[in-house]
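Counted from 1, the sequence shown has number 44 at position 44 by the working numbering; the numbering is strictly sequential.
Hints are computed from structural coordinates only; laboratory data are not their basis.
One or more of the hints may lead you astray.
Pairs of lysine to any residue, SDA-like flavour, derived with a Cα cap of 20 angstroms [to be verified]:
1) K35 <-> T85
2) K177 <-> P86
3) K61 <-> P86
For clarity, every value in this text was computed on a predicted model and none was experimentally measured.
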Amino acid sequence: MITSTANAQVKNLAQLIKKSKVRTEQGVYVVEGVKMFQEAPRDEIVKAYISEELYEKGTLKNCLEWIPYEVLKTEVFNHVADTKTPQGVLCVMKQKKYTLDELTDGEAPLLLVLENLQDPGNLGTMMRTAEGAGVTGVLLSRGCVDIYNPKTIRSTMGSIYRVPFLYTDSLLEDMDKLHRKGITTYAAHLKGEGFYDEESYQGPTAFLIGNEGNGLSDELSEKAKQYIKIPMEGKLESLNAAVAAAILMYEASRQRR
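The whole structure should be built from the sequences, with the hints applied where relevant.
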């Protein structure tokens with residue numbers, strides 16, 4: 001049992017939770033909570049850390065049989081955990097590696113393309129919604145928040161394990177690749193002349209969602225095949241990015257059903 005916060009593993013856990021650079025260097029990320037642990041693909045778990053209190057309850061005994069794990073004194077676990085009310089289990093996971101081809105596989109891929117999204121909760125919510133709506137992949141610009149940010153991970157509610165995603169060095173170049181694959185790209189844009197529910201998304205489709213404050217850049221918007229807009233009453237100029245993405249993804253899902 002690890003009984004000190006000065007332990008090297010505990011210090012490393014703290015760094016992995018706090019710093020994107022450290023996660024990238026080690027090729028891992030951290031998930032927290034019983035649900036995230038139970039849903040984690042066993043072959044992707046590097047190591048689990050469980051509090052003494054939870055370990056003694058024995059409720060996760062079967063889950064721990066085939067993976068490496070360490071028991072931490074409960075005070076030590078609570079010290080390193082990222083949440084205010086820790087559930088007693090952390091997992092270090094291998095980072096995912098996907099290709100653009102994997103995101104666009106199948107007869108009618110449905111993609112979410114995100115440019116410079118900054119809020120970790122928004123990104124996590126989009127990943128969770130994407131799974132529910134049957135999205136085949138999420139393409140992100142390098143300017144987006146780190147998907148392995150602990151808040152993002154929690155917001156995905158496990159979808160981080162199942163929804164393919166890819167950070168790209170050039171969204172503009174990848175837009176051309178999407179078009180060559182026959183994927184129609186739709187920009188959620190205030191300049192859209194038609195409403196989102198007037199289009200057909202039954203074929204290969206990608207929705208473009210921009211930064212929470214500034215929307216899509218002009219350069220990326222100009223690459224889109226079509227502008228669409230979501231009707232709004234009152235004096236609103238825009239919706240929350242995650243809400244807008246959810247509306248579009250579920251319209252595509254509805255049509256495809």
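So, going through the hints one by one against the coordinates:
no., hint, result
1, K35 <-> T85, "holds, 14 angstroms"
2, K177 <-> P86, "violated, 43 angstroms"
3, K61 <-> P86, "holds, 18 angstroms"
Checked against the numbered hints above, the structure violates only hint 2.
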